[in-house]
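Asks: For reference, the chains in residue letters:
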Amino acid sequence: MKYKVFIGIFIVELLLLIGILLFSYISINTRIDEMKYLRQLCQGLTATDLAIWTEARYTRHPSQTDIFSAFQDCPSCLEHFPAGSVLSPPPHFRRPLEAVK
Amino acid sequence: MRRHLMILEFALSCLCRRKYKNLALLFAFSLLVFILSSILLLTYALKKEAIEILQGAPEITVQRTVAGRHELIPVEYINKIKTIPGVGKVEPRYWGYYYDPFIGANYTLLGANRDMLRKIEILEGKSFFSEQKGVCIVGKGVAKAYFAEVGDRITIIGADGISYTFKIAGIFKTASDILTNDLIILSNDDIKRLFQIPTGFATDIVVEVYNPEEIETVAEKIKKLFPSTRPITREEILRTYESLFDWRSGMILTMFIAAVVAFVILAWDKATGLSAEERREIGILKAIGWESSDIMELKFWEGFVLSSLSFFTGLIGGYMHVFFFGAPLLSTALKGWSVVFPTLKLTPYVSAYQILVLLFLTVVPYMASTIVPSWKAAMTEPDQVMRG
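So the sequences go chain by chain: D and S.
Each residue of the first sequence is one higher than the one before, counting from 1 in our numbering.
Each residue of the second sequence is one higher than the one before, counting from 1001 in our numbering.
If you're looking for bench data, these hints aren't it; they were derived computationally from the structure.
Don't take every hint at face value.
Stated by the list, open to error - Once the Cα atoms are required to be at most 27 Å apart in a straight line, the calculated DSS-like pairs of lysine-lysine come out as: (1) Lys36(D) / Lys1345(S); (2) Lys1144(S) / Lys36(D); (3) Lys36(D) / Lys1048(S); (4) Lys36(D) / Lys1047(S); (5) Lys2(D) / Lys1019(S); (6) Lys1144(S) / Lys1133(S); (7) Lys1119(S) / Lys1173(S); (8) Lys4(D) / Lys1019(S); (9) Lys1173(S) / Lys36(D); (10) Lys1089(S) / Lys36(D).
To be verified - Just a sample of chain S residues kept apart from chain D, beta carbon distances all over 12 Å, derived: (11) Leu1031; (12) Asn1079; (13) Pro1101; (14) Glu1131; (15) Ala1259; (16) Pro1328; (17) Ala1352; (18) Ser1369; (19) Gln1384.
Predicted, not measured: the structure shown is a model, and the values here were computed from it.
Where a beta carbon is used, it is the ideal one built from N, C-alpha and C, also for glycine.
Build out the structure end to end from the sequences listed, making use of the hints.
Replies: Below is the structure:
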């Protein structure tokens, strides 16, 4: 009976999915201390950004990019580096200039 | 119940009759869910991780701008900022970027104060005293780039053209890569000497505010006191990271749209009509006494078998790709030209919203495109269907 095979595969995949969701739940809980430490380290280092993209200052510190000068570097502005097209611009670039403090 | 199982059995037999076509469809569908789920899971995990960690970012960072560019800030501003009610510690930060011409990588150099050095724990080696000169702590990425270990020395060329050598006192462990991968921590004096920062100036100032409710007000007061400054609040940093890793923007969206368009073509091909063979099959089933509802159920099962198996396979594959293997297929696109790029060991954050988005983007349109043309054919007289 083909339907038994299908139901069998369906149940196995469903159990796998439930398994990975459980794994997620457990991982998040076991990493609570690690995240707490990283938060403290962030506080200690007075870090403002994650060290992911190091190719340009506006990809290394996207939260510190400014909006004051013409042709300013920021993710997705006149782009020089590939990572800038992966990131989207920070929210203060999307607001009208008058609304910015 | 038995009737439904028999219809499911018949649906599976129909699928097996067109085995290769359906296997190809299963593969394409799974691949599509795999790509979409990898993008969704990766961006969501990065966003959650960033927001969790950056809760520890300074309440306010004060930059000074001159002619629209970030400039060094006078340290004397600190005294006036301290007088604002609700303000705690106010400290200067000395930091900057360094391009290493030998390796072709960019590093972030940060001056350490006493508090900072006390809070650094996950280290191979040890920390150093804030007054100590000629020593540093480096991120894993920097150590890898230099093939260096604790006790080795690294050379940095200063703004005066002189090469300065620093002994590596400690290396951050991999667990903190996402925050420290490209960092080189030196004493404040060393940083000032390297970058030739004039006395009385700092890169920026960090301000502690006791009550989170007052951060915005304090930032406004700083802006009023020093109009040439730009106070960046922690809330703004968090908002920035919320939008940076939004799957609905940037290159991620481009990749996402490409995958969705490919799927739309697949679904459209199915929705625009049944093959002559499928129409004849429906006609024969009606002629031998099947109800329209039975035919609809048959088509439902056909769609369900394919889409559910593809959905599960793609989603499980995408999850393992991102959280067990560090998203190697996406990281090539994500990495760009970054020479020092952290290993992505992300916390597996998954939300019901993501799974629902994926379900509505893939399974629902596929099921609709399977059932709607069959419903039209099932409503027609059997002889007409068979004649086409």
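Asks: Of the hints given before, which are not true for this structure?
Replies: Hint 17 is the one this structure does not satisfy, whereas the remaining hints hold.
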